[in-house]
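Residue numbers (UniProt numbering), protein chains in the order written: chain A, 1 to 251; chain B, 1 to 251.
These aren't lab readings, by the way, just hints derived from the structure by calculation.
Watch out, some of these pointers could steer you wrong.
It does not matter which identical chain is used: a pair holds within one copy or between any two.
In silico lysine-lysine, BS3-like type, Cα no more than 25 Å apart, as pairs [stated by the list, open to error]:
1) Lys173 to Lys59
2) Lys36 to Lys216
3) Lys246 to Lys36
4) Lys31 to Lys192
5) Lys188 to Lys59
6) Lys59 to Lys156
7) Lys173 to Lys60
8) Lys238 to Lys31
9) Lys192 to Lys95
10) Lys188 to Lys238
11) Lys216 to Lys31
12) Lys60 to Lys188
13) Lys156 to Lys170
14) Lys60 to Lys170
15) Lys156 to Lys60
The structure presented is a predicted model; accordingly, all values stated were derived computationally and were not measured.
Below, each chain spelled out in residue letters.
Protein chains: 2
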Amino acid sequence: MTIIFYDIPSTFPNNVWSANTWKTRYCLNYKRIPYKTEWVEYPDIEPLCKRVGIAPTSKKEDGSGRDHYTLPAIYDPSTGAYVSDSFAIAQYLDKTYPDTPRIFPGGTDGLQAAFEPAFRSNLGELWRFAILAECVGLNPVSEEYFRRTRKEIGGKTIEEVVPKGEEAVKVWKGVEEGLGRVDAWYQKNDGKGRYLLGETLSWGDFVVAGYLICSKIIWGEESREWKDIGSWHGGRWKALIESLKKYETVN
Amino acid sequence: MTIIFYDIPSTFPNNVWSANTWKTRYCLNYKRIPYKTEWVEYPDIEPLCKRVGIAPTSKKEDGSGRDHYTLPAIYDPSTGAYVSDSFAIAQYLDKTYPDTPRIFPGGTDGLQAAFEPAFRSNLGELWRFAILAECVGLNPVSEEYFRRTRKEIGGKTIEEVVPKGEEAVKVWKGVEEGLGRVDAWYQKNDGKGRYLLGETLSWGDFVVAGYLICSKIIWGEESREWKDIGSWHGGRWKALIESLKKYETVN
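Work out the full structure, taking the sequences as your base and the hints as a guide.
Structure, rendered in structure tokens:
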């Protein structure tokens with residue numbers, strides 16, 4: 001049976017862009033589990049989740065205390081399960097399809113759970129650059145929603161959030177330094193391979209690759225931003241993304 | 001042959017207290033590697049390291065740009081190696097003594113490297129409470145050094161750093177919430193055991209236990225602080241420390 005994978009569309013090639021949903025796409029392709037993407041515009045996410053019973057993943061950041069519904073989410077017709085949150089989806093897939101390559105090899109689930117917050121806290125303020133490029137690449141109905149809700153949270157327009165001039169130089173340097181600390185973690189893998197666990201792919205790599213491929217897509221391969229990132233830390237980030245090319249399929 | 005383990009003494013039982021050196025003690029005991037502790041007071045750490053050739057682990061935080069020498073460090077007479085930095089020591093021990101229990105099972109070195117910064121960033125400002133209890137438990141020569149150098153870095157006396165009144169309540173709540181996020185990582189281990197990798201101990205657990213046992217020692221088992229920590233998150237932290245009791249030996 002074919003899993004339904006809920007993702008947010010855009011005007012980028014093949015619709016794909018979101019770092020968070022890329023993690024799930026990598027997992028599904030890595031495990032070779034048949035799936036079909038169902039595209040859901042931002043304003044339709046909450047109604048969809050409430051209608052079919054997909055659990056919220058957090059509380060809204062607007063201080064309202066209301067539930068926040070996010071993608072990725074999946075529906076697995078073979079079990080009837082709806083699952084949201086990319087980590088929970090990955091654990092569900094490992095459990096439900098134990099004969100496919102494991103996203104958490106060697107029972108590393110707990111250790112891997114610490115990785116994404118650690119990685120994100122080292123990305124610095126990359127999001128302040130990425131947010132505009134993401135936003136203008138959405139379809140109009142999602143762009144309007146994205147702009148309005150981000151303004152409600154932070155009080156600033158997307159354009160105001162993006163660092164400019166000297167601040168931009170400093171913030172971008174912070175991104176490079178942060179990824180440098182992540183590079184140091186990879187270097188600790190004892191020279192055994194390009195992945196966090198050496199030769200073996202796992203959740204942490206999909207997290208890193210999800211954010212990086214999102215950057216590559218929203219700015220474009222020929223952009224100054226992606227060329228910068230690709231040149232940092234001995235080309236580690238470019239090579240990581242290229243090594244995962246076979247898991248980029250959009251079904 | 002017997003490894004020399006350099007640690008910082010104190011007036012606490014058996015001299016031991018430091019969270020950072022506890023990580024190494026746990027590793028040595030877990031691997032059942034013969035070792036003998038050599039006690040080094042704070043002002044003697046840098047001269048010792050320079051004399052025997054133990055590498056600095058960072059730059060001093062006083063803005064001088066000078067090398068910072070820290071313990072733990074070890075000397076292994078069977079190879080002639082001096083190694084500093086608790087993570088590097090653990091990797092050295094796994095490599096040099098491959099027939100002992102692995103601190104990084106399943107090639108998890110890279111993933112484990114991300115764990116300590118992730119854990120520490122979730123401890124909140126625990127250090128602001130701990131610093132006074134640690135300091136007054138040192139021997140006079142180290143206490144004087146500790147007070148002087150911490151004042152040089154932050155401009156405040158140790159007593160001024162400790163939160164008081166309403167701030168103390170808020171900061172302590174932050175410690176509980178931070179450990180709550182760490183508890184959530186442990187809960188992701190798929191119900192397979194009390195450790196990050198399920199039934200198998202590894203580096204991440206020694207990091208957590210090192211900080212926790214330090215708290216237990218400096219405040220004492222009957223203190224309000226340790227009783228609080230021990231009661232949080234279903235008693236996870238107390239149980240973790242108790243499960244490692246067999247690796248507490250001080251040689």
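We went through each hint and held it up to the structure:
Taking CA atoms no more than 25 Å apart as the test, Lys173 paired with Lys59 passes between copies only; the shortest distance there is 20 Å, against 32 Å inside one copy. In the homo-oligomer, the alpha carbons of Lys36 and Lys216 lie at most 25 Å apart inside one protomer (24 Å), although the nearest pairing across protomers, at 53 Å, exceeds that limit. In this assembly of identical chains, the alpha carbons of Lys246 and Lys36 lie at most 25 Å apart only when taken from the same copy (17 Å versus 52 Å across copies). In this homomeric assembly, Lys31 and Lys192 come within 25 Å of each other (Cα to Cα) both inside a single copy, at 23 Å, and across copies, at 23 Å.
For the identical chains of this complex, Lys188 and Lys59 are inter-copy neighbours only, at 20 Å across copies versus 36 Å inside a copy, given an alpha-carbon limit of 25 Å. For the homomeric pair Lys59 and Lys156, the shortest alpha-carbon distance inside one copy (20 Å) is at most 25 Å, but the shortest distance between copies (38 Å) is not. Taking the shortest Cα distances, Lys173 and Lys60 sit within 25 Å of each other only across copies (22 Å), while inside one copy they are farther apart (30 Å). Taking identical chains as interchangeable, the C-alpha atoms of Lys238 and Lys31 lie at most 25 Å apart only when both belong to the same chain, with a minimum of 23 Å there against 38 Å between chains.
For a Cα distance limit of 25 Å, the shortest separation of Lys192 from Lys95 across copies, 13 Å, qualifies, whereas the shortest one inside one copy, 27 Å, does not. Within a single copy, Lys188 and Lys238 get their C-alpha atoms as close as 19 Å, which meets the 25 Å cut-off; across copies the closest is 30 Å, which misses it. Taking the closest pair of Cα atoms, Lys216 and Lys31 come within 25 Å of each other only inside a single copy of the chain (24 Å); across copies the shortest separation is 44 Å, beyond that limit. Taking identical chains as interchangeable, the C-alpha atoms of Lys60 and Lys188 lie at most 25 Å apart only when they sit on different chains, with a minimum of 23 Å there against 37 Å within one chain.
Proximity of Lys156 to Lys170 under the C-alpha cut-off of 25 Å is restricted to the intra-copy arrangement: shortest distance 20 Å within a copy versus 29 Å between copies. For the homomeric pair Lys60 and Lys170, the shortest alpha-carbon distance between copies (23 Å) is at most 25 Å, but the shortest distance inside one copy (30 Å) is not. In this assembly of identical chains, Lys156 and Lys60 lie within 25 Å of each other by CA distance solely inside one copy; the values are 17 Å within and 39 Å between copies.
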